[in-house]
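Protein sequences, first through last, are from chains A and B. The numbers in our numbering rise by one with no breaks, and the one at position 443 of the first sequence is 888. The numbers in our numbering rise by one with no breaks, and the one at position 169 of the second sequence is 178.
One thing to keep in mind: the hints can contain errors.
[Stated by the list, open to error] Under the rule of at most 20 Å between Cα atoms (straight-line distance), these lysine-lysine pairs were calculated in the PhoX-like manner:
id : chain 1 : residue 1 : chain 2 : residue 2
1  : A       : Lys-664   : A       : Lys-684
2  : B       : Lys-12    : B       : Lys-135
3  : A       : Lys-532   : B       : Lys-55
4  : B       : Lys-225   : B       : Lys-137
5  : A       : Lys-888   : A       : Lys-856
6  : A       : Lys-870   : A       : Lys-579
7  : A       : Lys-781   : A       : Lys-664
8  : B       : Lys-52    : A       : Lys-532
9  : B       : Lys-135   : A       : Lys-579
[As the list claims (entries may be wrong)] Reference listing, derived: stretches of chain B covered by chain A, where coverage requires no fewer than 3 residues with Cβ under 8 Å from a Cβ of chain A:
id : region
10 : 13–25
11 : 40–49
12 : 52–61
[Said to hold, decoys possible] One side of the interface only, derived from the structure: several residues of chain A facing chain B at Cβ under 8 Å:
id : residue
13 : Ser-467
14 : Ser-468
15 : Glu-470
16 : Leu-473
17 : Gln-505
18 : Arg-508
19 : Leu-510
20 : Ser-511
21 : Phe-512
22 : Val-533
For the record, the hints were derived by calculation from the structure and aren't laboratory data. Heads up, the beta-carbon is just placed ideally off N, CA and C, and yes, glycines get one too.
Here are the chains, one letter per residue:
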Amino acid sequence: MKKNLSAWGLYPRHLAKLVTPSSQEALLERFEENKMGIARGNGRSYGDSSLSDVVYSCLQLSRLLSFDPETAILRCESGVLFSDIIKVFAPRGFFVPVTSGTKLVTVGGAIASDIHGKNHHAAGSMSSHVLALKVLLANGKVRELKRGKDDKLLQAFCGSMGSLGIILEAEIRLMRIPSIWVKQESIACPNLDALIEVMHESENWTHTMAWIDLVSGGKSLGRGIMQRGEFAEPEELPKSLAKNPLKVPEKKKLSVPFLFPGFALNKISVGAFNFLYYNKHVPKKKQFIGHYDSFFYPLDAIHNWNRIYGKKGFTQYQPVIPGKNAHRVVRKIIEKVQQSGQASFLAVFKRFGSQNDIISFPSEGYTLTLDFQIKPSLFPLLDELDKLVLEAGGRLYLTKDVRMNADFFKKTYPHHKAFLKLKKKWDPENRFQSLQTRRLEIKA
Amino acid sequence: MSKTAILGVSSEVSRAVFQQLAAGGEKLLLIGRSATLLEREQKDLKLRYDSECLVLPLDFPQDKIKPALKKLAAALEDCQRIIVFNGYLGDQSLSQEDSSEREKILWVNYVALTHVLECAAGIFEKRKQGQIVVFSSVAGDRGRQSNYTYGSAKAGLSAFLSGLRMRVAKRGVHVQTVKPGFMATSMTSELNLPPLLTAQAEEAARALLKAMKKKKDVVYIKWFWRYIMLIIKSIPEFVFKRLNL
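With the hints as constraints, model all of the structure from the sequences given.
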C-alpha cells in the first residue's frame, strides 16, 4: 500500500511505498526486492530529498553500538536520533560535534545532508567528524568506508542526499563538554552592517548565529540579534548548577496541534513576531547562561511548528554567499523579499568558515535562511533570488531545496562532474534516486 | 532485582518494552532468532542504561522443537517473568492457496507458542510464582476475511491463555493476555492506519508495563479497542459476512 509522504516542509507530497525495516538485514532484503528508492531518516529535510517511489525509513536502525570515552568515538546505526545521543551522552560530558537547528535528525540523515551548525567556522560540517561509514551500495553489497582508506567515497557520501547508497552505521567523534549549560551573549544590532561587524568580532566564539528581522527596511534593514555561545565551565556556573554541571533538568513541550489557516501568517503577524523578538533583547547586550536546548534547539520546544504555514506547506531558501561583497548581495536579497511582500517568518544569518568538499553545501561566506509559505507567486521570486546567488558565486543547500533546476545546480556546485563520475561508478543503474536527484539530474 | 525474559525482540513494541524495563533497572534475557540482532540490542542496552542483559539466540522450528524447549527451560530457571512477542502476520491471500504459508502462520502464532507457554508455566508453577505476558491480537476476537488465518491462530492463542490462566492462578502464577489494536510498527508501516486508533510503540509499552504491574488479565491497547471489539463481536453473522473488513 502506498502512502502520501512529505518531509518537513509538507511540500511536495508524493505517493510512496514506505518500508520501515526493523534491522539492517531486513533493509538489505527489502532493497533486494525493490531494487531502487531512497533512504530517509526522520523526515527533517525540507523538500523532496527523501521522497521517491520506494522510501527506506532508517528509523528502526537506532542502536548504539560502541563508545570509547577516551577517544569520544561513537559507533551507532544510522537511524539513531541526535536527541538520543544527547540524552545518553550529555550527562557523561559529550555532545554531538555539529548540530542542525533541530535535534530530531538521524545520524544517517545528518551525514547524507552534511549538516552544519552554529560552530561551522570553528568545527566544520558533520563530515569533519565522521570516521567511518557502513553503507549499502547499489549492487546490494555492504561496505565499510574508513577515513584514511576510502576518503573519496566516504566524503562523497557526506552531502550526497542518499544518491550513492544507504548508510547503515556510522562512526563519529563526539565533542566534549564541561557542562550542559551554554554561556550566551545576545547583542541587538540596529542594521545589517552592524550585525556583520559584530559577527566578525565573534569569530573566537565557538557557536555563533544571528536572527534577522526581515520586516524592517530603510536604515534598519537587516537589523537583528547576534547570538554567541560557549559551553560553560563549571566555575562559570551559579553554585546551584556547578555542583552537578552535567545534570540535565526536565522540561515540557508546547505543541502546534493543527494546521494553521494560511492567512494567519501575513506581514502584520510576522512583523509583530519579529518586533517582539527584537525588543526582547533591548538593552543592547545581554549575557546569560541557558540550557543547551534553548540555545541550540529553540524551535524543538514547539512540536510540529512546520504546521503554522498551513497545509500547502512551506520551503526554506538557504543560499551561501561568498566573497567581499556578500553583505551587498544579502541586502539585495532582503530588499527583494520585502518588495515581494512574501513574509518570511524566520531569517537566520551565519558566517561559514572555509570548506571545499565534493558535494557539501558550506563554503566560506554568509548563509541566510528564509522561510516561505508555498504559493504560486513564490516561485518567480525565488527564481529572481537565484540570479543574485548565481552572480555572487553562491549556491543553495540541497537539504532545504525543493525547486532549483538542474542547470542552476550544475553551475553552482563546482565539483558536480566529479560527483557524477562517482555516481556512475557506484550506481550505474541509478537505483538510488529521489524526486530531488531526478530534478537535479544527479544520475549516472 | 528481578529478571525478565523477552521472547521476540525485533518488533518496535518489544524494543520499547525492554528499553523501558532496562531504564527501570530490570535485568533482561533477550531471546530471538538472530544472534547478530541480539548482540546489537545488548550493546545498545549497555550503552544507554548500563543494563545487565543476557541474550539467547533461539528459534522454534517445527522439526526441532524439543531441543529448543530444553534450552528455553534452562534459560528460564532464574527468570521471574516472560513476555512473549513472537508473531507472524503472514500473507492472507497467499495462506489461502499455499498450505506451507498457512501452516507457518498457525505454527508461529499458535502451536509453537503453546509449547513455549507450557514450558514457562511448568517452571513458574513449581516455584509458585511468576508472570507470563503474551501478545495476542484483536484479530483473534472475530475472524475477518482480510486476515482470518492469522486471526484464527490468535483466537486459539487467546483461548489457550485463558485456560492456562485459570489453571496456574491457583499456584501463584499470573497470565496476562495482551490484545493490541492497530500499532505503528514495521509490520504495519506500509498500511494506512487511522492515527487516532493507532498506538505508537512507546505509548503501547507504557500501557503494557502499567497493566503488568496491576496484574490485569486481559489488556487492550489502546483501551477503547475493548469496546470496538465488543461492537464488532455483537454484529450478527448474517450482517457481518456482507461487510468488507
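Checked hints:
1. A threshold of 20 Å between alpha carbons decides the hint, and for A/Lys-664 with A/Lys-684 the separation of about 44 Å lies outside it, so the pair is violated.
2. With a CA separation close to 17 Å, the supplied pair B/Lys-12 and B/Lys-135 stays within the 20 Å bound.
3. This hinted pair checks out: A/Lys-532 and B/Lys-55 have alpha carbons roughly 14 Å apart, not beyond 20 Å.
4. Restraint check for B/Lys-225 and B/Lys-137: the C-alpha separation of about 18 Å stays at or below 20 Å, so the hint holds.
5. For the hint pairing A/Lys-888 with A/Lys-856, the CA-to-CA distance comes to about 16 Å; that is within 20 Å, so the pair holds.
6. The straight-line distance between the Cα atoms of A/Lys-870 and A/Lys-579 is roughly 18 Å, inside the 20 Å bound, and the hint therefore holds.
7. Note on A/Lys-781 and A/Lys-664: the hinted pairing holds, with a Cα-Cα distance of about 16 Å set against a maximum of 20 Å.
8. Our distance criterion of 20 Å between C-alpha atoms is met by B/Lys-52 and A/Lys-532, whose separation comes to about 17 Å.
9. The hinted pair formed by B/Lys-135 and A/Lys-579 fails the criterion: a straight-line CA distance of about 48 Å is larger than 20 Å.
10. With a cut-off of 8 Å between beta carbons, the region 13–25 of chain B has 3 residues touching chain A; three or more are needed, and the interface restraint holds.
11. Here's how the region 40–49 of chain B fares: 4 of its residues keep a CB closer than 8 Å to some CB of chain A, so the rule of at least three is met and the hint holds.
12. Using a Cβ-Cβ cut-off of 8 Å, 4 residues of the region 52–61 of chain B lie near chain A, which meets the minimum of three, so the contact claim holds.
13. Because the beta carbon of A/Ser-467 sits about 4 Å from the nearest beta carbon in chain B, less than 8 Å, this interface hint is met.
14. Against a cut-off of 8 Å between C-beta atoms, the interface hint on A/Ser-468 holds, since the closest Cβ of chain B lies about 5 Å away.
15. The closest approach between the C-beta of A/Glu-470 and any C-beta of chain B is roughly 7 Å, which is under the 8 Å cut-off, so the hint is satisfied.
16. The interface hint given for A/Leu-473 is violated, since its Cβ lies 12 Å from the closest Cβ of chain B, which is over the 8 Å cut-off.
17. At a threshold of 8 Å, the smallest CB-CB gap from A/Gln-505 to chain B is about 6 Å, leaving the interface hint in force.
18. With its C-beta approaching chain B no nearer than about 4 Å, A/Arg-508 sits inside the 8 Å limit, and its interface hint holds.
19. For A/Leu-510, the interface hint holds, since its Cβ comes within 8 Å of a Cβ in chain B; the closest pair sits about 5 Å apart.
20. The beta carbon of A/Ser-511 comes within 6 Å of a beta carbon in chain B, closer than 8 Å, and the hint placing it at the interface holds.
21. For A/Phe-512, the interface hint holds, the least distance from its beta-carbon to any beta-carbon of chain B being 6 Å, beneath 8 Å.
22. The criterion of a C-beta within 8 Å of any C-beta in chain B is met by A/Val-533, whose closest approach is roughly 5 Å, and the hint holds.
Checked against the numbered hints above, the structure violates hints 1, 9 and 16; every other hint is satisfied.
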